[in-house]
Amino acid sequence: MSVNRRDRFSLSRRRLLQCALGAAAALPFLRAGAALGDAGRARRLLVFYFPDGVAGRSQSGESGLWECRDSGGDVALSEICQPLGELRREVLFLNGLSMGGTDEGSHPGGAKKLLTARDGGGGESVDQFLARTVGRDMPFRHVLLGAMANQNNAAGDKHISYPSAGVTVAPEDDPLRAFSRLFSMGAVTTPMMHADAGATPPAAEDDTARVIDTALADLNELRGSLGGSERVKLDTHLEALREVSNRVARLAPVGDAGVPATPPASTCGSPRLAFEGVSGMGLYQPENFPAVLRAQMDVMVQAMACGLTKVGVIQSSQHTSELIMSRFRDTEMYDPGFDMRSHQASHYGARQERTNRLFTDYLKQRRWWVSQYAYLLEQLRQRPEGDGTMLDHSLVLFCSEVSDGNTHSHADMPFLLAGRGGGCIAPGRVVEHRGTRHGQLLAAIARAMGSDVNGWGDAGDGVLPILA
Amino acid sequence: MVDRRRPLYETSPVRRVIAIVALGACSQAPSEASRSVDAGAVNVGDAAREPGVVTLEAAQRWARMCASCHGEAGEGGTGPSLVDTPRSVAALTEAIDARMPSGNPGACRGECASSLAEFIKAQFTSERLACSASPTSPRRLRLLSRREYRNTLRDLFGQGDSATGDCRVRTFAWSPGGRVARTVHLAGSFNAWSTSAWPMTFSAERARWELTRELVPGTYPYKFVVDGTDWIADPTNPDSAPDGFGGRNSVLTVRCDDGAGTVTAGARTFDPAGSLPQESRPEGFPYDTAAETGLVTSVHVNEYLRAAQQLVEGLGDQLPRALGCADTPSCADALVGSFGTRVFRRPLTESERGRYRALAGSPAGLRTALRAMLVSPMFLYRSEMGVAQADRSYRLTDWEVASALSYTFTATTPDATLLGAAERGELTRPEGIEREARRLLASPRAREQVADFATQWFGVDDVTSTPRNATVYPGFDDAVRRALLEETRRFVTAVFFDGERRVDALFNADWTFANGALARWYGIDGVTGDAWQRATLPAHRRAGILAHGSVMTRTAHSDQTSPILRGLFVRRNLLCQEFPPPPPNAGGVPDVDPTATTRERFRQHTANAACATCHQHIDGVGFGFEEFDGVGRHRTTENGAPIDHAGFLDAPEGWGRGMDIPFASLPELGAALGRSPNARACVARQWFRFARGYRETALDRCAVRGVVQDFEAHGGDLHAMMIATVRSPDFLTRR
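The listed protein sequences derive, respectively, from chains A and B. Sequential numbering from 71 applies to the first sequence in the numbering used here. Sequential numbering from 9 applies to the second sequence in the numbering used here.
Hints were generated in silico from the structure; no laboratory data involved. One thing to keep in mind: the hints can contain errors.
[To be verified] To spell it out: a stretch of chain B is covered by chain A in this simulated footprint if at least three of its residues, at any positions, have a beta carbon under 8 Å from a beta carbon of chain A; those stretches are: (1) 278 to 289; (2) 293 to 306; (3) 563 to 576.
Cβ coordinates follow ideal geometry from the N, Cα and C atoms, glycine included.
Please put together the full structure from these sequences, using the hints given.
Structure follows, in structure tokens:
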């Protein structure tokens, strides 16, 4: 089956050209209202973040157990990547990328650079940039979901998505709330939908548009009166109002505008969420974490299948994570008698010793994160879209804020990029780099999404040559 | 030319250091200074090439590698002060190259070391750091926090009891009519029917006897006791039950959802802030009042719209009553007039009046207009933008001061008295500010606000959900968790408001508040049941907030204590001393070892020279807490070995200042902290951060010093401290 799909979804010459050209070439397609059309580029970006790195090169210099290697045209999966199994053909293995030397040795320093590629989070993150550019006409420009990402009253450095320099936004940690918000299209006049009721658009919101227009008028007056002060706040606010305003307009019955309220049924189906009984503080109990994370992935995949957004970020826990992964039932980590936290295990010591429980548990934990990524990829692969599957049209980044959890190194970062990006990417292979800055990867992702950036972040221009 | 007053400089360490440059230079030649700073901010290349001009890069290096120990303005901290250092650039370069940063030497060699040496010599001179009258706080639009937003809606639309604050806080009132009463007491099941415990006071203004108390959720029969003998049911309360003497007691039910406040609008009770995203805060800033990072995302807009809709739907045909009007025309008047002034916390402008009046032409339009006001930026941000002055600074308006005072002390929208004072122009004068600040501090809302401040300061909010291992810590159930949080809220509130209000009690009080659950947990005798009461702590064990179970829990891991987190709690939260993050390869928490005590396991930190650089200042303090386990219970042994809880706090006043503090138990540490100028000043610093919404910068040094001096001149009176932060001249000015 996968072979067939690969054949159908081979890289055409036309796609190659478009991926390399960037936004200018994409515009005609976008203008044609082909947000879901086959424009030969990635239709969506999904970032999957997990905390505390992997077992990379150890403090005493042993080779890492993370990197997968080329093996005669196939990919030899590393010990940690085993859960990918046959999905390895859908993944581009990016070895040797570096986030640069600033704040090396620091979890927060790494989290700040991860999606901004700027020291200290000193700029917009690539997901936010794509949301407000290529994703701006989507009902939701950006969907930011978390699993225990706000635990312990997390400060901003724990979060990875930066709408502007030095400012993060907090993910939505409650899958039910996320589901309701997304599949009611953010409706404000109807009660929340039942989790199994499907995405029927609610009744027309007669005066919400006027409410928003008035807020916009007030906001513009405020902007005018303040000159350049507080510009970031007011610009962000303005864009937020515009996004909601567009959404409200779509809630009106489909008319001449021709914008479909719901995308093709074959992809979207009838959204549902199998997630019960966990809310409030239960969202922060470690034993519930796997269920919460899975529900968030299900919500995200359905939101994307239904054409609600092009840019999604799923943040699992937070850097320097206190998540007790030994409480995950039915996993190889499970041990009710012993609390093994993510960050605790990551400091397994200077050597990779198989007799050291910290180390062996760390490996098990990292494998589990990969298995979650594999689940996400599988969900995308099971949904047909266009001439392939959703995964074929997507980019799914797997990332953490450090490489080796014990050394906190920012070199040899554990990045994977799955999906074919609408034909822009040829996965199923290993790309070796030696210290190339990861801003180039972010730039390549942005270009595959139809943006025309020539680089991303502090390291300046440069696009990782992974685009077909 | 970039406007030099734009708020570029706070929050992030880099910006803070640039602010030092600005401050230093400003005191010499303002126009020159602004040019060189802006050049540095806009074009690093030029600044770097210009000899003698401090490079932005050096400033960034300072912020990243040096400031946590040496202070943002080089004034010293856990590292020595570098202000007016007699060492030459060459000597400094050599020292940095060889030994800095402490704990990670070698990370700043060559050009890095020499650029920092030049930076230190050029910037950290007492002349450059002298105080000036220039404004220090940046102009801001401050997005309402979830707490503020919820409280604001409650107070704009709330009805009856809910208007007196948190749902636990209730005001009892008895109007004597023509009767002359000498004393009136409130007696009920909440105080064991005491006829003397809870005296009411007579309000001449409202011609009634009043008493406001905070009550644990529950059902309480009660009566008023007039002149000690006459028992009278509450005539304003329709709920009653037989009193067993042939009459009836009034009955009050206090019902609250823990942790989630609600707003009642007409028939609907809901939490308008329940689905809003958590506030975004800078790293290391614990307060939800963070002023710079509060952004409105589309999720916010969605939730604001939803809340406004729910509110208007809930009010239904009671909308005119809520607005204080009768029919559509008069309601439109109210909306752009008296009620609009309450919503926007200032009178509407002409164009706003036009806009909202145009919407409010029908009953449906009135609802639309009200919804629009509640999602307007004018409602969602409180303005601290001020009005431009001749000297290019800005000054807050009376209306802005009304909001600043109200949200600072009560986390809610200004009340009628405050708005009246603003209208009369009384709030830009010191006496008006102080009068209103004192009035607000006397309200039940201020108690709630201070309790919220304290739980954020100590980081204990999540004690109700933070995971614990049930095998290691059996019995640590929801009731205990809630009791630990409640103890801290009640204790801090009592220290700040009841009795002498002296700051040292935070550290050295030999009492706390307990209910039965807490008393069992702590081993305090004589306290049972659900009711909270003041209780004396066992001697030589706990002191102030130091061993509060909430603090002990939040500074521990799920199955073990953490001397590091506890040491850092004292250093960062109580002494306002910063430490750099651990260097690479630092290693993690030592593994749980059933044969060793925590102190033994952590000893490697001080045995290893690299670790010891920082951990000599951290672990020794934390070890002093070892007689309390990871959920705040007292213990004498660990894994069969006796606990050694001797502690050591070095340099509590900073590098080379004051005496080290060895302590045998926490009351000794608490007594020392109570006397420590640095610990006392840190309380004021924390309040300053909470109130202003940012961590004080080098620019704020003088303002904070002024507050602390005022505070100490009043013998450490916490109200004097809180008042001083709004009486300070910089409260009114912005840059």
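To see whether the hints hold, each was checked on the structure:
With 6 residues bearing a CB less than 8 Å from a CB of chain A, the segment 278 to 289 of chain B meets the requirement of three and the coverage assertion stands. For the segment 293 to 306 of chain B, the proposed coverage by chain A is satisfied: 9 residues have a C-beta within less than 8 Å of a C-beta in that chain, meeting the threshold of three. For the segment 563 to 576 of chain B, the stated coverage by chain A holds: 3 residues have a C-beta nearer than 8 Å to a C-beta of that chain, and at least 3 were required.
Violated hints are absent here; each numbered hint is respected by the structure.
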